[in-house]
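Every letter in the sequence shown is one number past the one before it in the numbering used here, and letter 96, counting from 1, is 89.
Do not rely on the hints blindly, as some may be mistaken.
[To be verified] Pair by pair, the computed Cβ-Cβ distance ranges are:
#1 Lys57 x Leu105: 12 to 20 angstroms
#2 Ile73 x Phe5: 24 to 32 angstroms
#3 Ser72 x Lys27: 30 to 38 angstroms
#4 Pro58 x Asn116: 33 to 41 angstroms
#5 Ile48 x Ile158: 32 to 40 angstroms
[Unchecked claim] Here are the simulated lysine-lysine pairs, DSS-like style, with alpha carbons at most 30 angstroms apart:
#6 Lys164 x Lys57
#7 Lys164 x Lys27
#8 Lys132 x Lys27
These are calculated hints, taken from the structure and not from any lab test.
Ideal Cβ positions, reconstructed from N, Cα and C, are used throughout, including at glycine.
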Amino acid sequence: MVFTGLIFGFLFGFLLKRSHYCIAGGLRDVYLQKNICGLLAVFLIIFPQSLILFILLQIRVLPKPEYPDYSLIAMIMGSIIFGAGTVFASGCMSGTLVKVGDGRFTGLIALLSFALFVVSSNNGLLANLTSPLQNISIKSDSFVANLSFQPLLLIIPILVIILGISIYYLKCQFKLEKR
(Lines of atoms letter the chains of each structure in order from A and count residues from 1; the text may use other names and numbers.)
(Lines give C-alpha, C1' and ligand atoms only; values in the text may rest on other atoms or scores of the structure.)
Protein backbone atom coordinates (compact mmCIF):
# COMPACT_ATOMS: atom_id res chain seq x y z
CA MET A 1 0.00 0.00 0.00
CA VAL A 2 2.87 2.39 0.80
CA PHE A 3 4.41 1.66 -2.59
CA THR A 4 1.22 2.57 -4.48
CA GLY A 5 0.96 5.76 -2.38
CA LEU A 6 4.50 6.67 -3.40
CA ILE A 7 3.72 6.03 -7.06
CA PHE A 8 0.55 8.15 -7.02
CA GLY A 9 2.29 10.85 -4.98
CA PHE A 10 5.16 10.97 -7.47
CA LEU A 11 2.76 11.13 -10.43
CA PHE A 12 0.65 13.85 -8.79
CA GLY A 13 3.77 15.84 -7.90
CA PHE A 14 5.05 15.48 -11.46
CA LEU A 15 1.73 16.70 -12.86
CA LEU A 16 1.66 19.65 -10.45
CA LYS A 17 5.21 20.56 -11.42
CA ARG A 18 4.61 20.32 -15.15
CA SER A 19 1.28 22.14 -15.08
CA HIS A 20 2.13 24.80 -12.47
CA TYR A 21 -1.42 24.29 -11.21
CA CYS A 22 -2.45 26.07 -8.04
CA ILE A 23 -5.78 25.14 -6.47
CA ALA A 24 -6.23 28.54 -4.82
CA GLY A 25 -5.36 30.32 -8.07
CA GLY A 26 -7.80 28.16 -10.01
CA LEU A 27 -10.62 28.95 -7.61
CA ARG A 28 -9.69 32.64 -7.63
CA ASP A 29 -9.96 32.64 -11.44
CA VAL A 30 -13.55 31.38 -11.20
CA TYR A 31 -14.49 34.59 -9.45
CA LEU A 32 -12.15 37.11 -11.09
CA GLN A 33 -12.01 35.86 -14.68
CA LYS A 34 -15.29 33.91 -14.80
CA ASN A 35 -13.25 30.87 -15.88
CA ILE A 36 -14.54 27.57 -14.49
CA CYS A 37 -11.44 25.62 -15.54
CA GLY A 38 -9.95 25.83 -12.04
CA LEU A 39 -13.16 24.64 -10.41
CA LEU A 40 -13.41 21.71 -12.82
CA ALA A 41 -9.79 20.82 -12.08
CA VAL A 42 -10.51 20.78 -8.33
CA PHE A 43 -13.51 18.51 -8.90
CA LEU A 44 -11.42 16.30 -11.19
CA ILE A 45 -8.91 15.94 -8.35
CA ILE A 46 -11.45 15.27 -5.58
CA PHE A 47 -14.06 12.99 -7.15
CA PRO A 48 -11.79 10.35 -8.79
CA GLN A 49 -9.92 10.07 -5.48
CA SER A 50 -13.24 9.69 -3.67
CA LEU A 51 -14.29 7.02 -6.14
CA ILE A 52 -11.04 5.08 -5.60
CA LEU A 53 -11.29 5.44 -1.80
CA PHE A 54 -14.88 4.21 -1.56
CA ILE A 55 -14.21 1.33 -3.95
CA LEU A 56 -11.26 0.25 -1.79
CA LEU A 57 -13.44 0.56 1.32
CA GLN A 58 -16.25 -1.39 -0.36
CA ILE A 59 -14.02 -4.32 -1.33
CA ARG A 60 -12.39 -4.14 2.12
CA VAL A 61 -8.86 -3.45 0.93
CA LEU A 62 -8.85 -0.52 3.35
CA PRO A 63 -10.34 -0.65 6.85
CA LYS A 64 -13.32 1.56 7.65
CA PRO A 65 -11.88 4.86 8.90
CA GLU A 66 -12.65 6.28 12.31
CA TYR A 67 -13.20 10.01 12.10
CA PRO A 68 -12.47 12.00 15.27
CA ASP A 69 -14.78 14.73 16.51
CA TYR A 70 -13.69 18.26 15.69
CA SER A 71 -14.36 21.79 16.81
CA LEU A 72 -16.26 23.80 14.23
CA ILE A 73 -14.98 27.13 15.63
CA ALA A 74 -11.34 25.95 15.61
CA MET A 75 -11.74 24.68 12.04
CA ILE A 76 -13.19 27.97 10.80
CA MET A 77 -10.56 30.08 12.55
CA GLY A 78 -7.76 27.77 11.40
CA SER A 79 -9.01 27.98 7.81
CA ILE A 80 -9.04 31.78 7.91
CA ILE A 81 -5.53 31.89 9.39
CA PHE A 82 -4.30 29.34 6.84
CA GLY A 83 -5.79 31.40 4.02
CA ALA A 84 -4.15 34.57 5.30
CA GLY A 85 -0.83 32.73 5.59
CA THR A 86 -1.22 31.52 2.02
CA VAL A 87 -1.64 35.09 0.83
CA PHE A 88 1.37 36.27 2.85
CA ALA A 89 3.51 33.38 1.54
CA SER A 90 2.51 34.23 -2.06
CA GLY A 91 1.18 30.82 -2.88
CA CYS A 92 -0.67 27.74 -1.82
CA MET A 93 0.82 24.56 -0.43
CA SER A 94 1.05 22.86 -3.82
CA GLY A 95 2.84 25.93 -5.20
CA THR A 96 5.17 25.86 -2.20
CA LEU A 97 6.00 22.22 -2.83
CA VAL A 98 6.73 23.01 -6.48
CA LYS A 99 9.05 25.82 -5.36
CA VAL A 100 10.85 23.46 -2.96
CA GLY A 101 11.14 20.90 -5.75
CA ASP A 102 12.71 23.58 -7.95
CA GLY A 103 15.21 24.31 -5.19
CA ARG A 104 13.94 27.82 -4.54
CA PHE A 105 14.80 29.23 -1.14
CA THR A 106 11.44 31.04 -0.84
CA GLY A 107 9.61 27.73 -1.10
CA LEU A 108 11.80 26.23 1.60
CA ILE A 109 11.16 29.18 3.93
CA ALA A 110 7.38 28.93 3.34
CA LEU A 111 7.42 25.17 3.93
CA LEU A 112 9.48 25.47 7.12
CA SER A 113 7.20 28.28 8.35
CA PHE A 114 4.16 26.10 7.70
CA ALA A 115 5.72 23.19 9.63
CA LEU A 116 6.80 25.47 12.48
CA PHE A 117 3.30 26.89 12.93
CA VAL A 118 1.68 23.44 12.79
CA VAL A 119 3.97 22.14 15.52
CA SER A 120 3.70 25.28 17.65
CA SER A 121 -0.11 25.38 17.42
CA ASN A 122 -0.39 21.72 18.44
CA ASN A 123 2.35 21.40 21.06
CA GLY A 124 4.27 24.65 21.36
CA LEU A 125 3.84 28.33 22.08
CA LEU A 126 0.48 28.66 20.32
CA ALA A 127 -1.04 25.59 22.02
CA ASN A 128 -2.33 27.80 24.84
CA LEU A 129 -4.33 29.77 22.27
CA THR A 130 -5.55 26.82 20.20
CA SER A 131 -6.44 24.27 22.90
CA PRO A 132 -9.38 26.26 24.37
CA LEU A 133 -10.86 26.50 20.87
CA GLN A 134 -10.79 22.71 20.54
CA ASN A 135 -13.52 22.41 23.17
CA ILE A 136 -16.02 24.83 21.62
CA SER A 137 -18.83 23.60 19.37
CA ILE A 138 -17.72 19.97 18.99
CA LYS A 139 -19.13 18.23 15.92
CA SER A 140 -19.08 14.58 14.95
CA ASP A 141 -17.79 13.81 11.49
CA SER A 142 -20.37 11.14 10.78
CA PHE A 143 -21.87 12.37 7.51
CA VAL A 144 -20.81 9.34 5.47
CA ALA A 145 -21.71 6.90 8.26
CA ASN A 146 -25.24 8.35 8.48
CA LEU A 147 -26.01 8.08 4.77
CA SER A 148 -28.82 5.63 4.03
CA PHE A 149 -27.15 4.60 0.76
CA GLN A 150 -23.68 3.78 -0.54
CA PRO A 151 -21.56 6.89 -1.21
CA LEU A 152 -20.60 5.40 -4.58
CA LEU A 153 -24.20 5.94 -5.72
CA LEU A 154 -23.62 9.67 -5.25
CA ILE A 155 -19.99 9.90 -6.38
CA ILE A 156 -20.34 8.07 -9.72
CA PRO A 157 -23.13 10.26 -11.18
CA ILE A 158 -21.42 13.44 -9.98
CA LEU A 159 -18.14 12.30 -11.56
CA VAL A 160 -19.92 11.52 -14.85
CA ILE A 161 -21.55 14.98 -14.84
CA ILE A 162 -18.21 16.68 -14.09
CA LEU A 163 -16.49 14.73 -16.86
CA GLY A 164 -19.29 15.69 -19.27
CA ILE A 165 -19.03 19.37 -18.36
CA SER A 166 -15.23 19.22 -18.64
CA ILE A 167 -15.34 17.64 -22.09
CA TYR A 168 -17.96 20.14 -23.27
CA TYR A 169 -15.96 23.04 -21.84
CA LEU A 170 -12.72 21.83 -23.45
CA LYS A 171 -14.47 21.42 -26.82
CA CYS A 172 -15.83 24.97 -26.59
CA GLN A 173 -12.38 26.32 -25.63
CA PHE A 174 -10.77 24.41 -28.50
CA LYS A 175 -13.29 25.82 -31.01
CA LEU A 176 -12.63 29.38 -29.72
CA GLU A 177 -8.87 28.94 -30.05
CA LYS A 178 -9.14 27.63 -33.63
CA ARG A 179 -10.88 30.82 -34.82
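How the hints compare with the structure:
1. Lys57 x Leu105: 12 to 20 angstroms: violated (36 angstroms)
2. Ile73 x Phe5: 24 to 32 angstroms: Taking Cβ atoms as reference, Ile73 and Phe5 lie about 27 angstroms apart, which means the hint holds.
3. Ser72 x Lys27: 30 to 38 angstroms: Since the Cβ atoms of Ser72 and Lys27 sit about 25 angstroms apart, the hinted range of 30 to 38 angstroms is violated.
4. Pro58 x Asn116: 33 to 41 angstroms: violated (24 angstroms)
5. Ile48 x Ile158: 32 to 40 angstroms: violated (23 angstroms)
6. Lys164 x Lys57: This hinted pair is violated, its Cα atoms lying about 40 angstroms apart.
7. Lys164 x Lys27: holds (17 angstroms)
8. Lys132 x Lys27: violated (35 angstroms)
Hints 1, 3, 4, 5, 6 and 8 from the list above are not met by this structure, while the remaining hints are.
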